[in-house]
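J.: Given next are the chains, with one letter for each unit.
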Amino acid sequence: MRWKKLGRVFDSTMVRLPGDCGQFAQAPQALVCEEYVRVFFSTRAVDMRNGKYLSHVAFVDMDKSLCNVIRVSEEPVISLGGLGCFDEHGIFPMSVVRHGDAVYGYTCGWSRRISVSVETAIGLAISRDDGLSFERVGNGPVLAASLREPCLVGDGFVRCIGDLFHMWYIFGLGWRRYSPDVQPDRTYKIGHAVSKDGIAWMKEEARQIISDRLGPDESQALPTVIEIEGRFHMFFCFRHSFDFRTNSDRGYRIGHAYSDDLSAWTRDDENPLFDISAGDWDSDMQCYPNVFECDGQVFLLYNGNEFGRNGFGAAVLEA
Amino acid sequence: MFRWKKLGKVFTPQDVRGRAWLAEFAQAPATLVFDSFVRVYFSCRPPADAGGQYVSYCAYVDLDRADLFRIRGVAEHPILSLGGLGEFDEFGTYPVSVIRDGDEIRAYYGGWTRCESVPFNVAIGCARSLDEGRTFTKLGKGPVLSYSLHEPFVLSGPKIRRFNELWYLWYIAGREWKMVAGRAEPVYRIRMATSSDGVCWTRMERDLIETRIEDDEAQASPDVFSANGTYHMFFCYRRSTDFRGKENGYRIGYASSTNLTDWSRDDTRAGIDVSDEGWDSEMVSYPHVFEVDGEIYMAYLGNQVGRYGFGLAVLDGALE
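Line order of the protein sequences matches chains Y and D. Counted from 1, the first sequence has number 292 at position 292 by this note's numbering; the numbering is strictly sequential. Remember, this note's numbering sits 1000 above the position in the second sequence when you count from 1.
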């Protein structure tokens, strides 16, 4: 696979972000519309009560070359969850898929904990207006921690294949304090679930479907899947589980795996997906990929340095 | 008609020596009958930490089968460990319900975690014992029943039963966190799920017991007992505000069903209320009904939701 980089196509510092959000356009997720591509992303406001972040979902409409911004949403497309709910403190990311006339948004909801920073779970919200606004199906999650997936279920990416909804998502193995003076860090892996209606899901409980390349402490995140010429390709990001935020040698890179049966995945990311130039917007980190097809071309959206603090970029598949 | 004849308080955790983790509280009694004793599981607490926060452990006391007021022994250690860092049961295991399954004993318990915006969240865990219920091993690090679409938080108070080869779990699920005098308090209702193996559960997805005293009534401890062709549920309920005293505190309610899913509530038939004075004069709660040697008993909590232990009552009349 050879990708041509299009550069940072959305610079979030050049626009007014909705909902009192100042920075970040994380985890871009494309919804192809008639005239444009609507790209949902998570952006952050500051919680005035304690200075922590609250992630909100907004979108930017881009022309189909992904080179020009048409407009940015004026409001978040979904409110945060109520008191004590799984998505009270942020939605990051929200992955979208068309189903009939509706758009299903699978949210990764964040709620803060005391002994560790956060717990996550996956919710469902539905849009009847092409993604301008989303209504929750319920106040709780459709996929959450379970017997052998003890924490941090999130990053759901859903596609209908045949008669079945498939979800690729991540589950936490646990939290660990790597040295006494640091906050606990977590490790998560990519899993798979199926559903007949997109609401009630059957997990392949705790089956890690993508092998580790960095060893057991590799964290894998945000899977995205596309079928190209009869073969399924998954992109995701992976990193070491600690000292990954500022140490570029241990930070996120984009991984790749392929499957012909949606069950067995072969990891194939020994070589970087594309060239990285020192000092560039994505030189230290590449993360949160989203792959989609538009007018016969396959695009990859992703974030660069600092987890997407200043926007996202794109690449187009050449061969 | 039936009523419960009170026999008095049978167990006082403050009387137990040498167990720092069992300083006070003996909450949500649940029994397992052995040849010569009745093992009563309960949840207890060490003293609160510097921040006033509690953790809770599960333990048991063995009562002599021939004289339930004679204590034969108390668990030397908690029957379950607390969960690890970031796990759903890191800060407490309360309450617990047990059942025999062949050679093993299965326990279902509420696992407590601490949250930032609300004080806690609870999900239901499962563990098994191969040593007659002295120690339990968790089936996994995560819950068997967790937050879901229409049960968004606080899944607690599990009561495990088997009827007609099917596993039944009655439990409570939170529907709202209500701010009461600056403090977030959960409003919860009685729910139910069924399973063919006790691990993979199908929820009924509805409230089983209608509210009676107010819309935000909290309901807990749905304890189901089968007798004379009818299923009898004893539970407890309270108001959503100022419930830590006598006026709005817990009382025991009653509902009956012939099919385990449709329940008819009639608290006037519960047959038990607060006493004029003594250990259960302000509230009665967390009922558990069990049968031993031809008698039917109710174990229940009194004032301060079991801080000073639990008592027993014996059935006078017939459950029908």
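Just to be clear, a hint being listed does not mean it is correct.
No more than 20 Å apart at the CA atoms, straight line, and that leaves these computed lysine to aspartate or glutamate pairs for EDC-like [unchecked claim]: (1) 196/Y / 1205/D; (2) 52/Y / 1116/D; (3) 203/Y / 1197/D.
Label pairs and their in silico Cβ distance ranges [stated by the list, open to error]: (4) 214/Y / 1023/D: 44 to 54 Å; (5) 1213/D / 196/Y: 33 to 43 Å; (6) 1216/D / 65/Y: 22 to 32 Å; (7) 1053/D / 179/Y: 24 to 34 Å; (8) 1021/D / 52/Y: 54 to 64 Å; (9) 1053/D / 33/Y: 27 to 37 Å; (10) 1023/D / 179/Y: 28 to 38 Å; (11) 1212/D / 137/Y: 25 to 35 Å; (12) 1181/D / 183/Y: 47 to 57 Å; (13) 179/Y / 1102/D: 39 to 49 Å; (14) 205/Y / 1049/D: 31 to 41 Å.
It should be emphasised that the hints constitute simulated quantities derived from the structure, not laboratory data. All C-beta atoms, glycine included, are put in the ideal place defined by N, C-alpha and C.
J.: Taking the hints in turn, state whether each one holds.
T.: Hint by hint, here is what the structure shows:
1. 196/Y / 1205/D: 18 Å, holds
2. 52/Y / 1116/D: 12 Å, holds
3. 203/Y / 1197/D: Given that 20 Å is the threshold and the Cα spacing comes to 17 Å, the pair holds.
4. 214/Y / 1023/D: 44 to 54 Å: 46 Å, holds
5. 1213/D / 196/Y: 33 to 43 Å: Holds, at about 41 Å.
6. 1216/D / 65/Y: 22 to 32 Å: 55 Å, violated
7. 1053/D / 179/Y: 24 to 34 Å: Check passed, 26 Å falls within 24 to 34 Å.
8. 1021/D / 52/Y: 54 to 64 Å: Given range 54 to 64 Å: violated, Cβ gap about 34 Å.
9. 1053/D / 33/Y: 27 to 37 Å: 50 Å Cβ-Cβ, so the 27 to 37 Å window is violated.
10. 1023/D / 179/Y: 28 to 38 Å: Holds, since residue 1023/D and residue 179/Y (Cβ atoms, about 34 Å apart) stay within the stated range.
11. 1212/D / 137/Y: 25 to 35 Å: Holds, at about 30 Å.
12. 1181/D / 183/Y: 47 to 57 Å: 33 Å, violated
13. 179/Y / 1102/D: 39 to 49 Å: With a Cβ separation near 46 Å, residue 179/Y and residue 1102/D satisfy 39 to 49 Å, so the hint holds.
14. 205/Y / 1049/D: 31 to 41 Å: 35 Å, holds
The structure fails to meet hints 6, 8, 9 and 12 from the earlier list, while all remaining hints are met.
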